[in-house]
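Peer 1: Residues per chain, in single letters:
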Amino acid sequence: MTARVGVVTFPGSLDDRDTARAVRLAGSEPVALWHGDPDLHGVDAVVLPGGFSYGDYLRGGAIARFAPIMDELVPAARAGLPVLGICNGFQVLCESHLLPGALTRNAGLHFVCRPQTLRVESEDTYWTGDYAAGQEIVLPIKHGEGRYVADPVTVAGLEADGRVVLRYVGNPNGSAGDIAAVANEAGNVVGLMPHPEHATDPITGPSTDGLPFFTSILSRLVAA
Amino acid sequence: MARVVVEVMLKPEILDPQGQAIVGAAHRLGFPHVGAVRQGKRFEIELDGEPDEARLAEIRRMAETLLANPVIEDFELRFD
Numbered sequence: 001m002t003a004r005v006g007v008v009t010f011p012g013s014l015d016d017r018d019t020a021r022a023v024r025l026a027g028s029e030p031v032a033l034w035h036g037d038p039d040l041h042g043v044d045a046v047v048l049p050g051g052f053s054y055g056d057y058l059r060g061g062a063i064a065r066f067a068p069i070m071d072e073l074v075p076a077a078r079a080g081l082p083v084l085g086i087c088n089g090f091q092v093l094c095e096s097h098l099l100p101g102a103l104t105r106n107a108g109l110h111f112v113c114r115p116q117t118l119r120v121e122s123e124d125t126y127w128t129g130d131y132a133a134g135q136e137i138v139l140p141i142k143h144g145e146g147r148y149v150a151d152p153v154t155v156a157g158l159e160a161d162g163r164v165v166l167r168y169v170g171n172p173n174g175s176a177g178d179i180a181a182v183a184n185e186a187g188n189v190v191g192l193m194p195h196p197e198h199a200t201d202p203i204t205g206p207s208t209d210g211l212p213f214f215t216s217i218l219s220r221l222v223a224a
Numbered sequence: 001m002a003r004v005v006v007e008v009m010l011k012p013e014i015l016d017p018q019g020q021a022i023v024g025a026a027h028r029l030g031f032p033h034v035g036a037v038r039q040g041k042r043f044e045i046e047l048d049g050e051p052d053e054a055r056l057a058e059i060r061r062m063a064e065t066l067l068a069n070p071v072i073e074d075f076e077l078r079f080d
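Line by line, the protein sequences give chains A and B.
Just so you know, we're using our numbering here: the first sequence kicks off at 1 and counts up by one.
Just so you know, we're using our numbering here: the second sequence kicks off at 1 and counts up by one.
Bear in mind the hints are in silico, worked out from the structure with no lab data behind them.
All values reported here derive from a predicted model rather than from experimental measurement.
Hints are supplied without guarantee of correctness; some may be wrong.
[What the hints assert, rightly or not] Derived coverage of chain A by chain B (criterion: at least 3 residues anywhere in the stretch with Cβ under 8 Å from a Cβ of chain B; other residues may be distant): (1) 48 to 62; (2) 91 to 101; (3) 104 to 115.
From the three backbone atoms N, C-alpha and C, an ideal C-beta is built for every residue, glycine too.
Using the sequences and the hints, build the whole thing.
Peer 2: Here's what the structure looks like:
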């Protein structure tokens with residue numbers, strides 16, 4: 001048994017093909033979804049990939065949030081559909097208010113592009129069940145606007161509720177609390193700045209540490 | 001034609017590294033009295049029709065949903 005995992009392409013998405021490949025490597029069937037088509041085509045989960053949707057005009061993710069497919073995706077995610085937002089996809093999830101906080105210009109102003117060590121803080125989400133909490137992994141990061149910010153009450157709430165999913169080991173961008181990934185309350189929606197889809201094959205990535213994001217969701221869906 | 005100006009600024013508590021970079025450049029260029037800089041965005045919106053309260057309210061809704069992200073930004077709006 002497999003799962004059908006949708007990968008949305010917005011104008012300016014870059015990592016939709018790598019994401020579809022990661023979905024396939026993990027044993028699920030990738031389904032191409034189009035920003036202008038307000039139909040999720042019955043997929044079991046959705047990934048919003050990295051890139052520069054709409055050229056990052058206004059703010060990263062600010063215009064993608066209003067794409068026709070989001071009219072279907074936002075209520076579906078609130079009703080429990082598993083959604084993973086990677087990099088620009090994380091920005092879209094924050095702009096859509098599916099996740100709290102926002103991603104702003106890196107503290108050092110530099111675009112950072114390198115393998116990054118991260119610590120898994122929560123295995124209790126739909127997308128991280130195949131990791132162990134406390135595990136250190138290496139994933140590529142590549143962003144200019146990845147500094148996670150939220151008001152102190154929100155950050156304290158995320159910490160208290162175990163909704164910080166990944167933390168940077170060596171903060172590359174000034175994110176509050178070294179936060180690299182957060183989940184919604186139900187754990188079905190996760191956003192992260194690092195790129196698990198680029199770390200699924202030793203030939204092309206610094207590790208294969210990203211694959212468990214894609215096997216986790218398959219295990220979860222098949223078990224359901 | 002009536003025009004509405006919307007100015008969007010990062011909230012005071014949000015770090016503005018672009019503003020900091022501008023301060024650094026200003027000092028290097030010989031403008032030593034530049035203390036702090038915050039960088040924002042200005043939108044000039046041409047209105048169709050009469051500039052009444054209803055249209056201003058419409059632009060306000062646009063500002064808070066699209067032009068600004070209330071999580072990190074404040075905005076001001078006025079007829080120009």
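Peer 1: All the hints need checking, so say for each whether the structure fits it.
Peer 2: Now for the hints, and whether the structure bears them out:
{"no.": "1", "hint": "48 to 62", "in the structure": "holds (count 3)"}
{"no.": "2", "hint": "91 to 101", "in the structure": "holds (count 4)"}
{"no.": "3", "hint": "104 to 115", "in the structure": "holds (count 6)"}
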